[in-house]
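Enquirer: Sequence:
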Amino acid sequence: MKINSVGLVVNYEKEKAQEITFKIVDWLSLKKIKVYIEGNKGKAIGREDLNCPTEKFLNKVELIISLGGDGTLLRAARLAAYTDIPVFGVNLGGLGFLTQIGIDDLEKSLEKLYQEKYFLDERMMLDCSVKRKNKEIKKFTALNDIVIGKGAFARIICLATYVNDDYVITYSADGLVISTSTGSTAYSLSAGGPIVNPSINSMILTPICPHTLSARPLIIGENDQVRITLESSEEEVMVTIDGQEGFTLEPEDEVIVKKSNHKAQLITFKEKSFYAILREKLRWSGQIDK
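Here this note's numbering is used: the first residue of the sequence shown is 1, the next is one more, and so on.
Treat the hints with care, as some may be off.
Claimed, not checked - Keeping only pairs whose Cα atoms sit at most 30 Å apart, straight-line, the calculated DSSO-like set for lysine-lysine is:
no., residue 1, residue 2
1, K2, K258
2, K259, K108
3, K2, K135
4, K23, K150
5, K112, K270
6, K112, K138
7, K150, K135
8, K135, K43
9, K117, K32
To be verified - Using C-beta positions, here's what the derived DEER-type ranges look like:
no., residue 1, residue 2, range
10, K131, L213, 30 to 40 Å
11, Q225, K23, 27 to 37 Å
12, G246, G102, 55 to 65 Å
13, K32, D104, 17 to 27 Å
14, T229, E111, 24 to 34 Å
15, E245, Q225, 18 to 28 Å
16, E271, E13, 21 to 31 Å
17, A152, K32, 25 to 35 Å
18, E236, F274, 31 to 41 Å
19, F153, Y114, 29 to 39 Å
Treat the hints as calculated values from the structure; they're not laboratory data. Note that the structure is a prediction, hence the values are computed from the model and not measured. All C-beta atoms, glycine included, are put in the ideal place defined by N, C-alpha and C.
My request is simple: use the sequences and hints to build the entire structure.
Expert: Quick look at the structure:
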């Protein structure tokens with residue numbers, strides 16, 4: 001199906017973001033493809049006429065290009081979570097596990113997009129709900145992870161954790177990361193969690209600086225449901241979504257996490273395997289010389 005309209009989600013804090021946005025707008029315009037820039041960010045390149053309010057953005061576009069890093073792509077993926085709109089990530093600097101296309105390969109990649117020579121990589125997402133006194137008060141959707149973490153004070157928090165209503169453990173820790181396999185290379189990895197191939201739909205529970213050494217990361221099934229009850233009463237505790245959205249919890253609040261019915265549709269060209277990306281991004285070397 002020919003692409004008629006493209007939406008841009010841009011992080012202008014990245015170096016060369018304005019320059020690359022301008023180039024993409026020009027390229028798409030030459031192909032007679034309608035361009036929309038999410039929010040009011042067209043002003044940065046002198047094209048306020050391309051601005052599109054966030055609430056109308058998804059009704060206008062057939063494909064989203066995110067310009068920035070993994071964080072920008074995560075935001076775009078959550079924005080498109082309840083649609084089948086695919087997201088194409090362009091890396092403007094940084095590690096970039098999800099945004100694998102760099103500036104040097106941009107024009108070649110755009111041509112492949114135009115010729116529809118790409119694949120859709122479906123990624124599992126998480127739905128998170130917060131309950132207070134048995135009433136749901138907040139809902140989120142995440143691609144990478146849900147994190148329950150403490151505030152600025154150096155006190156551990158206590159998180160009673162259940163899987164499918166079976167009690168597992170009460171984590172005494174700085175927090176807990178519940179990640180998808182996609183998110184296993186993000187915060188979960190930094191906290192000591194395993195790397196999981198994103199083709200495996202799973203959830204990973206990784207405690208952050210646990211007080212007990214026996215509290216280890218746990219991989220559970222995609223159809224499991226996690227319920228965490230905040231037992232701490234004095235500390236400031238927040239739940240954060242992909243490191244970008246946050247909500248303050250109160251004692252006895254419940255955080256329920258399960259697989260979302262929606263999937264992120266990420267555009268890929270399958271030029272590199274997951275393991276090749278790991279070697280490149282994590283700087284894994286070859287065999288040690290003897």
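Enquirer: Would you mind marking each hint as holding or not holding in the structure?
Expert: Checked hints:
no.: 1; hint: K2 with K258; in the structure: violated (35 Å)
no.: 2; hint: K259 with K108; in the structure: violated (35 Å)
no.: 3; hint: K2 with K135; in the structure: violated (45 Å)
no.: 4; hint: K23 with K150; in the structure: violated (43 Å)
no.: 5; hint: K112 with K270; in the structure: holds (12 Å)
no.: 6; hint: K112 with K138; in the structure: violated (40 Å)
no.: 7; hint: K150 with K135; in the structure: holds (23 Å)
no.: 8; hint: K135 with K43; in the structure: violated (42 Å)
no.: 9; hint: K117 with K32; in the structure: holds (19 Å)
no.: 10; hint: K131 with L213: 30 to 40 Å; in the structure: holds (31 Å)
no.: 11; hint: Q225 with K23: 27 to 37 Å; in the structure: violated (45 Å)
no.: 12; hint: G246 with G102: 55 to 65 Å; in the structure: violated (30 Å)
no.: 13; hint: K32 with D104: 17 to 27 Å; in the structure: holds (26 Å)
no.: 14; hint: T229 with E111: 24 to 34 Å; in the structure: violated (52 Å)
no.: 15; hint: E245 with Q225: 18 to 28 Å; in the structure: holds (21 Å)
no.: 16; hint: E271 with E13: 21 to 31 Å; in the structure: holds (28 Å)
no.: 17; hint: A152 with K32: 25 to 35 Å; in the structure: violated (52 Å)
no.: 18; hint: E236 with F274: 31 to 41 Å; in the structure: holds (37 Å)
no.: 19; hint: F153 with Y114: 29 to 39 Å; in the structure: violated (53 Å)
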